Structures are given as C-alpha cells and as structure tokens.
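There are 2 protein chains.
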Amino acid sequence: MEQINQFSNNWIDEYHEGARYGLRGKILVNEKSDFQEITIIDSPRYGRGLLLDGCWMTAEKQEKHYHEAIVHPALCSSKNLRRALIIGGGDGGTARECLRHLSLEQLDMIELDRRVVELSKKYLNCIGGSAWEDPRLKLCFEDGIEYVNNLDNDIYDVIIVDGSDAKGPAKGLFNKIFFQNCRRILKSGGVFATQSESPESFQKIHIETIKIIREVFEYADPLYGWVPMYPSGWWSWTFAAIDSPRYLEPIPNRIKAIKDTCHIWSPTWQQGAFQAIPAFVERELNK
Amino acid sequence: MEQINQFSNNWIDEYHEGARYGLRGKILVNEKSDFQEITIIDSPRYGRGLLLDGCWMTAEKQEKHYHEAIVHPALCSSKNLRRALIIGGGDGGTARECLRHLSLEQLDMIELDRRVVELSKKYLNCIGGSAWEDPRLKLCFEDGIEYVNNLDNDIYDVIIVDGSDAKGPAKGLFNKIFFQNCRRILKSGGVFATQSESPESFQKIHIETIKIIREVFEYADPLYGWVPMYPSGWWSWTFAAIDSPRYLEPIPNRIKAIKDTCHIWSPTWQQGAFQAIPAFVERELNK
Numbered sequence: 236m237e238q239i240n241q242f243s244n245n246w247i248d249e250y251h252e253g254a255r256y257g258l259r260g261k262i263l264v265n266e267k268s269d270f271q272e273i274t275i276i277d278s279p280r281y282g283r284g285l286l287l288d289g290c291w292m293t294a295e296k297q298e299k300h301y302h303e304a305i306v307h308p309a310l311c312s313s314k315n316l317r318r319a320l321i322i323g324g325g326d327g328g329t330a331r332e333c334l335r336h337l338s339l340e341q342l343d344m345i346e347l348d349r350r351v352v353e354l355s356k357k358y359l360n361c362i363g364g365s366a367w368e369d370p371r372l373k374l375c376f377e378d379g380i381e382y383v384n385n386l387d388n389d390i391y392d393v394i395i396v397d398g399s400d401a402k403g404p405a406k407g408l409f410n411k412i413f414f415q416n417c418r419r420i421l422k423s424g425g426v427f428a429t430q431s432e433s434p435e436s437f438q439k440i441h442i443e444t445i446k447i448i449r450e451v452f453e454y455a456d457p458l459y460g461w462v463p464m465y466p467s468g469w470w471s472w473t474f475a476a477i478d479s480p481r482y483l484e485p486i487p488n489r490i491k492a493i494k495d496t497c498h499i500w501s502p503t504w505q506q507g508a509f510q511a512i513p514a515f516v517e518r519e520l521n522k
Numbered sequence: 236m237e238q239i240n241q242f243s244n245n246w247i248d249e250y251h252e253g254a255r256y257g258l259r260g261k262i263l264v265n266e267k268s269d270f271q272e273i274t275i276i277d278s279p280r281y282g283r284g285l286l287l288d289g290c291w292m293t294a295e296k297q298e299k300h301y302h303e304a305i306v307h308p309a310l311c312s313s314k315n316l317r318r319a320l321i322i323g324g325g326d327g328g329t330a331r332e333c334l335r336h337l338s339l340e341q342l343d344m345i346e347l348d349r350r351v352v353e354l355s356k357k358y359l360n361c362i363g364g365s366a367w368e369d370p371r372l373k374l375c376f377e378d379g380i381e382y383v384n385n386l387d388n389d390i391y392d393v394i395i396v397d398g399s400d401a402k403g404p405a406k407g408l409f410n411k412i413f414f415q416n417c418r419r420i421l422k423s424g425g426v427f428a429t430q431s432e433s434p435e436s437f438q439k440i441h442i443e444t445i446k447i448i449r450e451v452f453e454y455a456d457p458l459y460g461w462v463p464m465y466p467s468g469w470w471s472w473t474f475a476a477i478d479s480p481r482y483l484e485p486i487p488n489r490i491k492a493i494k495d496t497c498h499i500w501s502p503t504w505q506q507g508a509f510q511a512i513p514a515f516v517e518r519e520l521n522k
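Residue numbers (the working numbering), protein chains in the order written: chain A, 236 to 522; chain B, 236 to 522.
Everything labelled a hint here was simulated from the structure, so no lab data went into it.
Be aware that one or more of the hints could be misleading.
Copies of the same chain are indistinguishable here, so a pair counts whether it falls within one copy or spans any two.
Straight-line C-alpha distance at most 27 Å; calculated DSS-like pairs for lysine-lysine [as the list claims (entries may be wrong)]:
#1 Lys261 <-> Lys356
#2 Lys357 <-> Lys314
#3 Lys522 <-> Lys296
#4 Lys406 <-> Lys491
#5 Lys314 <-> Lys267
#6 Lys522 <-> Lys491
#7 Lys422 <-> Lys522
#8 Lys491 <-> Lys357
Quantities reported herein were computed from a predicted structural model and do not represent experimental measurements.
Start from the sequences and build out the full structure, keeping to the hints where you can.
Dropping the structure here:
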C-alpha cells in the first residue's frame, strides 16, 4: 500500500477500462511496425514479455497458460493430423506446441507482421524455440483474412486463430465471413480453434463470437482458462467442428505423447475447462 | 501504452512479486485498525472496493466471482442445512449468499476486525445488503482460531473460512490444528470450505493447503475460478467432507432455489470448476 501514488518509472502496464495490469521491468524494444506498436520488456517475475499496441500478448514464464489451451484440445482431437494452419501466433508459442505432435506433417503459419516474428526470434526465443527451425513449419507473412479467402476447400485438419484483441489489425478475425472461409478450408473431420476473449473484460464480443461461430460450424463450444497478464486474467478459446463435437474427446495416443510435459493441459483439465461456463454466459447463449 | 511512466495519482494498485493490479479511482477511507490497514476506494470500473493491508478483497461489481464460488458448492450439498459458520467474511458477501438458502436457520459469523464490518456496512452496503439485518445472522467479533478451538464437537452443517492471504492476521487459518478443530466441530454430513489461494501466484501455499486439508478430512478437493482483482486472477477454494465427497453433488431443491439468480455459479459450472485442476497441481498432489 505504501506504493500508492508512487511515481513508478519501471512499471509496464496494460490499461483496460479503468483497470490495469503491470509488470515491473524494463523496456528492451519499442517500435512501430507497419501494423502496430511492438514492445518487448524484461521482467523479474515472468522474464521477457511482448506487448502489441500496449496490450500484453505473452511472456516467457507465463505463456503455457495460453498456448497449451489453444493447441491441444484441437490437435488431440482432429480425425487426421497431417496439415494444420495457424493464423497469427507471431511469438511462436502456438507453433511450438503444435509441433510437439509428431504426426503433424506440415504446419502453415500466416502472420501479418514480419517484425513480430523477427523480434520474437531475437528476444523471446525460448517461446518459439525449436519451432523456428522445424522443417515442417511453413511461415508466410501475409494477411490471414486474405489467405483463407483465396484457398481451395478441404485443406486443413486443424485451423488455429491466434490473433490479438478484436480491434486494429485483428478485427477481421472475428467476422462471420472469416469463420465461413475457415470452415470451408477445414476438412470434415477437422477442428477449428480461436481465442475468444475474456468473458469478463470483453463480455459482449466473447458471447457474440461464440454465437457467430455456432452459426457457421455444426458444433462449437467455449473453453475457459487463465492468462494472468490479460485483462481480468480469465480467458476463453472456442473450438468448433463439422462432423461431431470431436474437440471434447482427445484421442488416447495423442494424449499420451504430450501429457507428462504439459504445465496446465491434461484431459481432466480440458474436460473441466469446457464445462466451466459461467452462468451469465450460458444464459446468453441459450437465449 | 501512452500511459507508461505517467505519474498516476488516481490508481490504487495491489503489488505482488513484481506484478500489480490496479483500479482507477479514489480513496474514500484509509485507516489502521487494531489488526490491519483498511482501505475503501471508489472506482468507475467496479464501484466501491475494499483492500486489507494493501491487498484487494472485494468490489461491488466483481464480488460474485468469489462469494458464489465459496458458498454454493458447500450450502447446496451438506446433508442438513440448519446451522452454518463463517470465519472472517467481514464485507458481508459470503453471509448474503449463505442467507439466500432459506432452510438455513442460524448463521454464525466470527470476524476478527470489527472495523471491517463497520466500514463495509457504511461504504459497501450493497455487498452485505440485507444480510446485516437478517435475524438468522449471529455476528461476533473475536478470533476465529480461538472460537473453533473452544467449541464442542459436531455443531455445524457447514463451515466457511473466508479469510485473507496466508500472512498477517489470517496466517493461522491455514494451519493443521485449525483445520482439525474445524473437522471436529463439523457434523458428519457437513461440508467445510476455505479459500485456498491462487495456484499461480501462491503456488506453494495452494498445494500445501490442499495436502493438509486432505490429511485432516476424509475427502477434499480444490475448485478453480476467477477473481480478476486478485493476484493472477486465477483463484481456488477447497471443499472437504467427512462421510463422502458430497460437495461434488449439489442437491436438486437447493440448486433450484438459487440458480436463476447466480452470476457465475451453476451446477454445470461447479462440476467443471472442480475438474479444471491444472496439470502441475495434479502432479504435485499425486506425489
């Protein structure tokens, strides 16, 4: 409490509607790319971290909460697992978790902002790690919305949308047309996954996003978890499929390959996280 | 991002190991009681809020995340529900949620610090609300650790420990002797509940607390939820029982009485929240 009103020049905060979350640390990089402001910091608590347009994206010692949650429910449950797509994900954490699944033959990653990848490789290499050198990773710098629009049908076993908040360059990743294209390029036994914001700090967009995805896909459900550095710390990802709610049932041999080395994810955790839908969201979705 | 390094004299922050969570607002009360520093603020985002020794306790527009989570899994599942005990809970939110269960005949509330209740009644009245006037509430200002030590066996159908972090005046609420006394004064069909800290920001005490409670009670399990204003936003409560893990199975007529007016809690949410145990905690508990 003694620190109230203290002039703190070593705190880096994300501000969100009258609340803030900050880490003590120092700024290593702060630059404007063609698309956004990119900031890389170093903090005693969570190591190096990344902000885009002043919003926390990830940090070395906190990134598994997000990356395990968006990746494994999808990659453990698609009928086949040969070719997957990541839209966004420039820090490399989602790619790294995907590539732990050895049956995956090709991982296409479409990132809008080349500078995010360049700076992540240089400063946050422990997040992407060996993913950047993995021959299965095909990295392209282009607009993911255009990319999915131009593709033929039935290409991917898994599609993961790992973008930032529903504003600025990531806004189009929450549109119905985008989801329709994702469904079109997904194989019938495939699984789609996207981050779907906080049910607390982005309540409206969270609920709207689930509703739109349910209009587009035959099956879709939110999963709830935690990313302490994001607004409210309470976060969601929404999974969707065409032929069945197969994302609810991870396949035993894929579980076996990863579960002993996950920090958060386990089949038990996943089952709970799909079920832990707060009452106010459940009521809105049932309207 | 433009606010980095800004001298902000209107932010009230809790600092925790190199991270901080703050609300924009103003301080209404800041005083030292006999036990702790009590601060009451007003914020545009979450209305009025309470801090003890510089740590966020509750706020008007965020309190249900905590109070519904600690109360309903216990009060919906004890064999009988005539007499319940709250240790702590000075803001009145836990009492208010308990008293929604109309079969409850007597609710004893043992709060160490009279000033927390006095200030909560004056400034945070929408949290305690009608609970303060409810004739079923028996409020005593004394040390909860002494209270449970001096009581006869088999008194309560439900015991809820709603204290602050495991330091300062609340430290003794995490001791084995305290839990043993709670088990002793609990009826055999009763349910015990306590806040058990964040698995992220208080990982060690979280895991230790579950282990100790499992040594004392025949059945005990953690439940995971969210309190955005607490360190990491990720929080836990641990429930325990003597005759069966009855806290896992809420009783239909008690569900019916509350579910339409809960913000977070529902039987579905509760089931998920008990199951959403993160892999690293599950591994530690199974050692």
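Each hint tested on the structure:
1. In this assembly of identical chains, Lys261 and Lys356 lie within 27 Å of each other by CA distance solely inside one copy; the values are 19 Å within and 42 Å between copies.
2. Within a single copy, Lys357 and Lys314 get their C-alpha atoms no closer than 36 Å, and across copies no closer than 59 Å, so neither meets the 27 Å cut-off.
3. In the homo-oligomer, the alpha carbons of Lys522 and Lys296 lie at most 27 Å apart only across protomers (24 Å), although the nearest pairing inside one protomer, at 39 Å, exceeds that limit.
4. Taking the closest pair of Cα atoms, Lys406 and Lys491 never come within 27 Å of each other, the shortest separation being 36 Å inside a single copy and 40 Å across copies.
5. In this assembly of identical chains, Lys314 and Lys267 lie within 27 Å of each other by CA distance neither inside one copy nor across copies; the values are 41 Å within and 62 Å between.
6. In the homo-oligomer, the alpha carbons of Lys522 and Lys491 lie at most 27 Å apart only across protomers (19 Å), although the nearest pairing inside one protomer, at 39 Å, exceeds that limit.
7. Within a single copy, Lys422 and Lys522 get their C-alpha atoms no closer than 30 Å, and across copies no closer than 42 Å, so neither meets the 27 Å cut-off.
8. Taking the closest pair of Cα atoms, Lys491 and Lys357 never come within 27 Å of each other, the shortest separation being 32 Å inside a single copy and 56 Å across copies.
Hints 2, 4, 5, 7, 8 from the list above are not met by this structure, while the remaining hints are.
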